[in-house]
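Chemist: Read top to bottom, the protein sequences are chains A and B.
Residues 1 to 298 (my numbering) make up the first sequence, in order.
Residues 1 to 326 (my numbering) make up the second sequence, in order.
These aren't lab readings, by the way, just hints derived from the structure by calculation.
Within a straight-line C-alpha distance of at most 30 Å, the following computed BS3-like cross-link-like pairs (lysine-lysine) qualify: (1) B/K237 / B/K130; (2) B/K237 / B/K322; (3) A/K71 / B/K271; (4) A/K56 / A/K71; (5) B/K215 / B/K322; (6) B/K215 / B/K130; (7) B/K176 / B/K271; (8) A/K214 / B/K215; (9) B/K215 / B/K237; (10) B/K322 / A/K214; (11) B/K90 / B/K271; (12) B/K271 / A/K155; (13) B/K176 / A/K56; (14) A/K155 / B/K82.
Residue-level listing of the chains:
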Amino acid sequence: MSAPTLASGAPERRAPVRPARVLLHVFLAGTALAWLAPLLWAMFSALRPYGETSTKGYVSWPDTLNFDNFKNAFVQSDMTHYFVNTLLIAVPAVLLTLFLSSMVAFYVSRFDFRLNLALLLVFTAGNLLPQQVIITPLYRMYLLTDLPGITQSGKLYDSALGLVLIHVAFQSGFCAFVLSNYMRSLPHELTEAALVDGASVWRLYWQITLPLCKPAMAALATLLSIWIYNDFFWALVLISTGENMPITSALNNLSGQYFTDPNLVASGALLTAIPTLVVYFALQRQFVSGLTLGANKS
Amino acid sequence: MTTDSTTKSPEAASVPPPGAAPAPKRAARGRRRLLTRRDRFTLALMAGVPTVLHVALVWVTALASIALAFTTWDGIGFDSIKWVGLENFKQLFNDNPQFWPAVQHNIIWFVVLILIPTPLGLFLAVQLDKNIRFSRVYQTAFFLPVVISMACIGFVWQLVYNPDTGLINSLIGANKPGHYIDWIGDPDLNLWAVLVAASWRHTGYMMILYLAGLKGVDPSLREASALDGANEWQTFKNVIFPTLRPTNTVVLVVTIIEALRAFDLVFVFNKGAQGTELLSILVTNNIIGESSRIGYGSAIAVVLLVISLVVIVPYLVATFRKERRS
Chain A
1 MSAPTLASGA PERRAPVRPA RVLLHVFLAG TALAWLAPLL WAMFSALRPY GETSTKGYVS
61 WPDTLNFDNF KNAFVQSDMT HYFVNTLLIA VPAVLLTLFL SSMVAFYVSR FDFRLNLALL
121 LVFTAGNLLP QQVIITPLYR MYLLTDLPGI TQSGKLYDSA LGLVLIHVAF QSGFCAFVLS
181 NYMRSLPHEL TEAALVDGAS VWRLYWQITL PLCKPAMAAL ATLLSIWIYN DFFWALVLIS
241 TGENMPITSA LNNLSGQYFT DPNLVASGAL LTAIPTLVVY FALQRQFVSG LTLGANKS
Chain B
1 MTTDSTTKSP EAASVPPPGA APAPKRAARG RRRLLTRRDR FTLALMAGVP TVLHVALVWV
61 TALASIALAF TTWDGIGFDS IKWVGLENFK QLFNDNPQFW PAVQHNIIWF VVLILIPTPL
121 GLFLAVQLDK NIRFSRVYQT AFFLPVVISM ACIGFVWQLV YNPDTGLINS LIGANKPGHY
181 IDWIGDPDLN LWAVLVAASW RHTGYMMILY LAGLKGVDPS LREASALDGA NEWQTFKNVI
241 FPTLRPTNTV VLVVTIIEAL RAFDLVFVFN KGAQGTELLS ILVTNNIIGE SSRIGYGSAI
301 AVVLLVISLV VIVPYLVATF RKERRS
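Given only the sequences and the hints, what does the whole structure look like? Please build it.
Modeler: Below, the structure written as structure tokens:
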């Protein structure tokens, strides 16, 4: 977030207190508060015991505020299990996406083979398609792919592997596009010299190009983690066993089964938002720079 | 547009080390001669493996959607695939009571996003770009909904809209039997209710895109305009907004794609019940619903695909053409 801000802005340029400025602050503060209101409302409901809200109503002065609902939502629904599911999908998916897309980017940006533009076009266009365009055949393909002994379900369907693959295939388009733009602007003399010295293509990629791409990779890793964590659709369709769902998709089932009152629903929903918020606040800069550098992604 | 936003925002991660210059084509050709056979093999793998994965899972399936849209299939054996021509489309256009409402809702979705949260995001970006205090705090508040999953947003807004216990009905006293306003169930209301939540999220997204665009506006333009005696609105209208053109293109494409992709929020809200049908919901219900018809579902997907490509292809062609020139 710091990227587009003016945190570094020179103080001497700051205008003296003017009524218009004050008005602007009042407006922005009011709007910001209104923007946070739904989340604050969820937080408020989550902190109150169900007994109290059911007798006093939800809009009422709280007598008790505690984290019991959070504790109950977390324990009753065995949320740890779903967080682990997400981890097992997101970590390999992020690493694999970055690995594969950086290879493609390296190829199209460093070697002027005729294909490069077409290749990049295919990758980028694929990434912009709505997921529902491909889901019907994908679903059938996953059902028909037998993988006995490799996945628990014996198929690509209903397996973490299947989810990792579709995340990688779908997201690598965006990452390849961003990374190839980045690599193209790296000085060519570096790779040129290394090639003349007899370095292999792999060394050129792994030891020379990749280390220079760290900032872009960090931004993409942050972005991908949040996107994959937040994915709802792929797991909804491609996972049939509730137990195998990652947390975001599991929320839907859990809310019917375990989160029996609005206070628990609020707690459950907010709990799933915590990891994204932690990543976002810790890596705000990477996230926003990633989002704006690849603005063609929704 | 990616290149525009990157080269213009100095802190964006994509900005290369200083002194970078695009290599002349001649160098590339010379370099190729230096490659050993092993290098060529490595390169083929590096480009080939990701391409095969991407093409197999994204493009083969997209083409399969098109092919299957003209068939019926029970999904079990390949020999049960039967060619039916345009039958699926005929049924879809003429006999499906959900199809035209879905198309209409997708269009409304886009129109609302482009008319309300997009200008609002631009407005907020312009205000936050004024070198004011607490800018980061405000930005964080507006941007927060973009980080949270759509599913979570759906649950949070249910707490606002719930007829019994929700914030709105409790505040306006409509939470008693006989007075309920059913924001989620009423087909005349629910699309608008869900669009409020969608706009809530979209505003922050647009704000960030425009902030990045505004960072790229040459400050001397602003000064020149001020020297000419233009007021704030005139400067924005005549100087700033026209230079935001690349950002506007991105914003338009992102918003269209977002409107076509809309799914999670509605599914969490009410599973796309009457009033909130969307093309994406129809496709999905056809798969996870009770009577899955593969050919028919694919026909809906093809409608979605055609609309998407009409947007994506010209946009990408323009982007890449510009890139090749630069």
